[in-house]
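Just need the whole structure built from these sequences, with the hints factored in.
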Amino acid sequence: MPAAKVCKALFRTSTLLLACIPMLGMRPAVGVILLWVLSALLHRLLVRTERPAPDVRTFLFLASPFLLMMLDLLRASDPLATWHISERSSILAIAPFVIFMLRPPVDTGLRDRAVDVYAFASLALALFANFNILAHGLSADLPFAQAYRQQFSDATGIHPPFGAYFFLLGALFMVERALRTQEQRKLRITIALLLTTAGALIASRTPLIAFAMASLLMLWSHPERKRALRLAALLIGGLVLLIALIPSARQRALEPFRTDLAIPTAGASNSVSERFVIGHCTLELLENNWLLGLGQAAVQPALDTCYEQFNDPRFLNGSYSTHCQPLHWWLSFGMLGALLFVALFFVPLRKAWGTRDARLAGFLLFVLVCCLTENVLARQWGVVLFAFFLALLSPSLFAGAGSAAERSQR
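Residue numbers (my numbering): 1 to 410.
Worth flagging that the hints you see were computed from the coordinates, not collected in a lab. Using N, Cα and C, we set each Cβ at its ideal position, and we do this for glycine too. Heads up, some of the hints might be wrong.
[To be verified] Pairs of lysine-lysine, DSS-like flavour, derived with a Cα cap of 30 angstroms:
#, residue 1, residue 2
1, Lys-8, Lys-351
2, Lys-186, Lys-226
3, Lys-226, Lys-351
[Stated by the list, open to error] Across the chosen pairs, the derived CB separations fall in these ranges:
#, residue 1, residue 2, range
4, Ile-189, Phe-346, 27 to 33 angstroms
5, Gly-137, Leu-292, 50 to 56 angstroms
6, Trp-220, Val-342, 19 to 25 angstroms
7, Met-70, Ala-124, 31 to 37 angstroms
8, Ser-153, Ala-233, 32 to 38 angstroms
9, Pro-28, Pro-79, 24 to 30 angstroms
10, Thr-181, Leu-16, 14 to 20 angstroms
11, His-136, Ala-268, 25 to 31 angstroms
12, Leu-67, Ser-153, 31 to 37 angstroms
Below you can see the structure in the form of structure tokens.
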């Protein structure tokens, strides 16, 4: 039994350490992922207690995007470049392999602790970033929103929309925990308010919309309907007040109403109008490649070639991707990629709705909405977090999968 206890403790510790993703940084996160896999493998090899049978169907389903990326290697003109792109998304296969094939001890208590640790790690990142910004100040030559986002990126090394993604997902988890249990409710609400404020300061519009929609979905599942409606009104009112009071959020919220809805002239684009350039080139490429796609490694060069016609050097730095995950997979892998994106969210969301799992449903809706304006699953900041929590929080997704032992853990 000592070996069993050690293996279990090692797995739980590595799981909670991986939940600290916001504070880990991407390179240390790779080491933690390796420790997580190793601890699960050791538990599988050394501990001979009853456990659910491997759930091959759920594993293959959740890992299917990475398996499709591996198939894409077969047609790549530069397989090495395609592999480097795919490697960032390998967690899409690793996480479900750990949870559904190795079957380590995952129960409700571990899931709850993991989301709590994640929220605290997000709060630590928010405090670090904002203390750094206070210490160094903001550039007087830029609008508040742009200056704040630039300073946030310099302080943390994180692209601002993904900072908002971290903070608002942590707030969402705290909202769900506060709704479900009275334990430390005031503390959780306080953390949720602080993280929501941190997300609003970054002023990325889509994560704020995603947070509002996912929170409303979780509130709708609350058994006390009148109380849920009051809380929903309070949530929307609080978000509107935050956006009105925070200069960066107010500026970015008004930007769509102050921008001509057309492709901008060279040098005159902003965060709204540049989407017209990106959308124009993405749809232009899809017209001729909608069935089979271009292949992962060919997408960015093709977009860069299209951007040249606009004579704006900002679009030619190699970072202006499709900014839309479903379109990115469609352009990369053809119709199969687009259908796979829909299935990856629809199947677990349907399962969560059927089992009244508000946390999983809210998580999926939040990430889904964020994917509409960012390539969340193509960047390590987004895909590690998504794959880890999707595997950790999901039950077996198909009828008949799992066992009595697994159901008792939940």
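Taking the hints in turn, this is what the structure says about them:
At roughly 28 angstroms between alpha-carbon atoms, Lys-8 and Lys-351 fall within 30 angstroms of each other, so this suggested pair holds. A threshold of 30 angstroms between alpha carbons decides the hint, and for Lys-186 with Lys-226 the separation of about 21 angstroms falls inside it, so the pair holds. Restraint check for Lys-226 and Lys-351: satisfied, since their Cα atoms lie roughly 26 angstroms apart, inside the 30 angstroms limit. Range check, Ile-189 to Phe-346: Cβ separation about 31 angstroms, and the 27 to 33 angstroms hint holds.
The hint said 50 to 56 angstroms for the Cβ distance between Gly-137 and Leu-292, and at roughly 51 angstroms that hint holds. At about 22 angstroms, the CB distance of Trp-220 to Val-342 agrees with the hint of 19 to 25 angstroms. With their beta carbons about 36 angstroms apart, Met-70 and Ala-124 fall inside the hinted range of 31 to 37 angstroms. Between Ser-153 and Ala-233 the beta carbon distance is about 35 angstroms. The supplied range of 32 to 38 angstroms therefore holds.
As the Cβ distance of Pro-28 to Pro-79 is approximately 28 angstroms, the hint placing it in 24 to 30 angstroms holds. Between Thr-181 and Leu-16 the beta carbon distance is about 19 angstroms. The supplied range of 14 to 20 angstroms therefore holds. A hinted range of 25 to 31 angstroms holds for the C-beta pair His-136 and Ala-268, which are about 29 angstroms apart. Look at Leu-67 against Ser-153: about 33 angstroms separates their beta carbons, and that is inside 31 to 37 angstroms.
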